[in-house]
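A.B. asks: The chain contents come next:
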Amino acid sequence: MASLRTVGLVKTYGNVYALRDVSLDVAEGELVAVLGPSGSGKSTFVRAVAGFVKVDSGAIHLGDRDVTRVPPEKRNTAMVFQNYALWPHMTVAQNIAYGLRIRRWTEDAIRRKVAWALELVDLVGLENRLPSQLSGGQQQRVALARALVVDPDVLLLDEPLSNLDAKIRYRIRFEIKKLQKQLKLTTIYITHDQEEALSIADKVAILDRGQLLQYGAPQEVYARPANAFVAEFIGASTVVRVPVRRDAQGSFIDLGGARIPAPAKAEGEEAMVIFRADEMELEPEQGAGAGGTGAGATSAGVPGAAGTAAAGVDVPAAAGAATPDAGGTDGPGGDGTGFYVFRGTVVESMYLGARVRYEVRVGDQATFFVDSQRAIPPGQPVSLRIDREKLYVF
Amino acid sequence: MNAHALNLARIAHMTLRIAGVTVLGFFIFGPLASVAIWSVALQWYWPHALPQEVGLRYWVDAFSGRSSVWSALTTSLWVAVIVVACALALSVPAGYAFARFRIPLGRLLLVLFLMPKAFPQLPIFINLAEVFYRYNLAGTVPGVILVHLIASLVYAVWITTATFRSVPVELEEAAINLGDSRLKAFFRITLPLALPGIIASSIFVFLHSLDEFTGTFLVGAPYVQTLPVLMYTASMGYNMQMASVIAILLTIPAVVFMAILERFLRAEYIGRLGV
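Residue numbers (this note's numbering), protein chains in the order written: chain S, 1 to 394; chain Y, 1001 to 1275.
Bear in mind the hints are in silico, worked out from the structure with no lab data behind them.
By construction, the Cβ of each residue, glycine as well, lies at the ideal position given by its N, Cα and C atoms.
Label-pair distances were calculated between CB atoms; the ranges are:
id	chain 1	residue 1	chain 2	residue 2	range
1	Y	Ile1103	S	Arg103	26 to 36 Å
2	Y	Arg1017	S	Tyr13	48 to 58 Å
3	Y	Arg1134	S	Lys74	46 to 56 Å
4	Y	Arg1182	S	Thr106	24 to 34 Å
Partner residues are not named here, just some residues of chain Y that face chain S (Cβ under 7 Å, in silico):
id	residue
5	Glu1170
6	Leu1171
7	Glu1173
8	Ala1174
9	Ile1176
10	Asn1177
11	Leu1178
12	Gly1179
13	Asp1180
14	Ser1181
15	Ile1189
16	Pro1192
Residues from chain S that face chain Y, not an exhaustive set, calculated with beta carbons under 10 Å:
id	residue
17	Phe52
18	Lys74
19	Ala78
20	Met79
21	Asn83
22	Ala85
23	Pro88
24	His89
25	Tyr98
26	Ile102
27	Arg103
28	Pro152
Build out the structure end to end from the sequences listed, making use of the hints.
C.D. replies: Now the structure itself:
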């Protein structure tokens, strides 16, 4: 095993950047998930490390070796391909032993190492099967064993779970993690699934259009996304664009009655407000006008026309005159609460099992997606509360 | 009423099918049967439906050591084997290159291989024969081999290209990734997996060479006598028995190889033929 360091990797196809100045440091024994949508350059990155893609500029170091100009067969990386790339004309054992035969191990040593690998990935007894006689999960483990026996400097996993059923995907993810820790493998793990990346990695690197947007521990990336793309990609439910306004206190945006400080932009430019569905608290509005509680109660029990109408009338007033309680208007940190509060109206709900996702209309143009465990009928005015730290404005 | 109409339709359908199969059978087996009968006919005068005298004399003659049939058969087989070897030597590297690399004008080159088949054969071969005369290739076995090769490269290159395309490039990359050179990965991974398609293309080339007449006749005659050329001369001289024996000899490898081919040429290869 060795550390991996890439410095300013650039790769272009025509005038499209597949990699744009990608510098990544992976310590020995670390698992780094490279996360990005399709076309983000993550496959190009892993293929550049393996040597199948020749970079236009930049350098790749494995340990203290500069392998930038080294052909793929001499790099001592081991790749697990997305479709496993098992050789259909060889048995499981022959597949696994292939790299050892290239290294001219003795038959005896090969036999022992293959037995070790079969044990490791729990395939003992299947050594004489052909790949076509194995399930997807078993094929995946053969590919892993084949990569591990050669004792590579770095293990490259290219979307290793994307061809598996959701059920075993979850299990194999943990098996890979366990193996990786046990063998202290320096690992690059390519994926487009943010949950997979966060759960398995020591560090997450987020790529978009060839650019490395953020690189850090999962907790860090999750809690402090560097920009709108990262925030959205790491599971934000809501992205709202709001025009920026300026006054004596600086740039701000006015959304659903809350004043939120915005990054310095020209008046009229749009800022993005981003948050996750489970971090916004949803509460039915109590003071929804005289008799509002009564009407609300009615509408909660029976979807009566009166209740719906009353709520409907209330909405524009509530949203228009929205004055957040607590310190919403006082500017950031004016009091000790640390929350933003919005007013809105539930438009639609979607049952997701453990929770319900609500579509909430806030102000006159914004739609929030918020999770709650309460049952709230459509048309109900609600107040929404979120920790200032958890609301990202870019 | 309705049921009656349906029944009628079914009967009509059935009749059509039987008629269709009969006609098809007649077209396929009719000439074959006639050839088979001719090959054992010692005397067969018009207008009798069957020969007056039947025997295996022409068959025995054909296989008696120094007969013209025997020497033509060996010539044909040798030519076919050498054509296959040359076609393989050219089409395996070419097919691999077409399948794996971006070759400038690759599509055009592939179509170029099709050209000898795209135009009327006779004028092409007449022109070719003229060129061959200039280079002293006319009337020689190498000349005949060259003619066969030019015409059959289209099968060889197209089929091997499609075959190599059907072998996922990751299988090769996986071997290179583990330390194989590209050449070793080719011989240990790609070639074994492409073998069925390569065998299929060889069979096509072999059968093409065995049956080729026009080019052989124009370039090789009268010095190079292959089976089809001999068959032509025999039937021109009203030796229908000898022509029929040769026809059957030529049919046997075709039938045998087609049966083998059917097993080898899998749908996945044919699917990749689209360039």
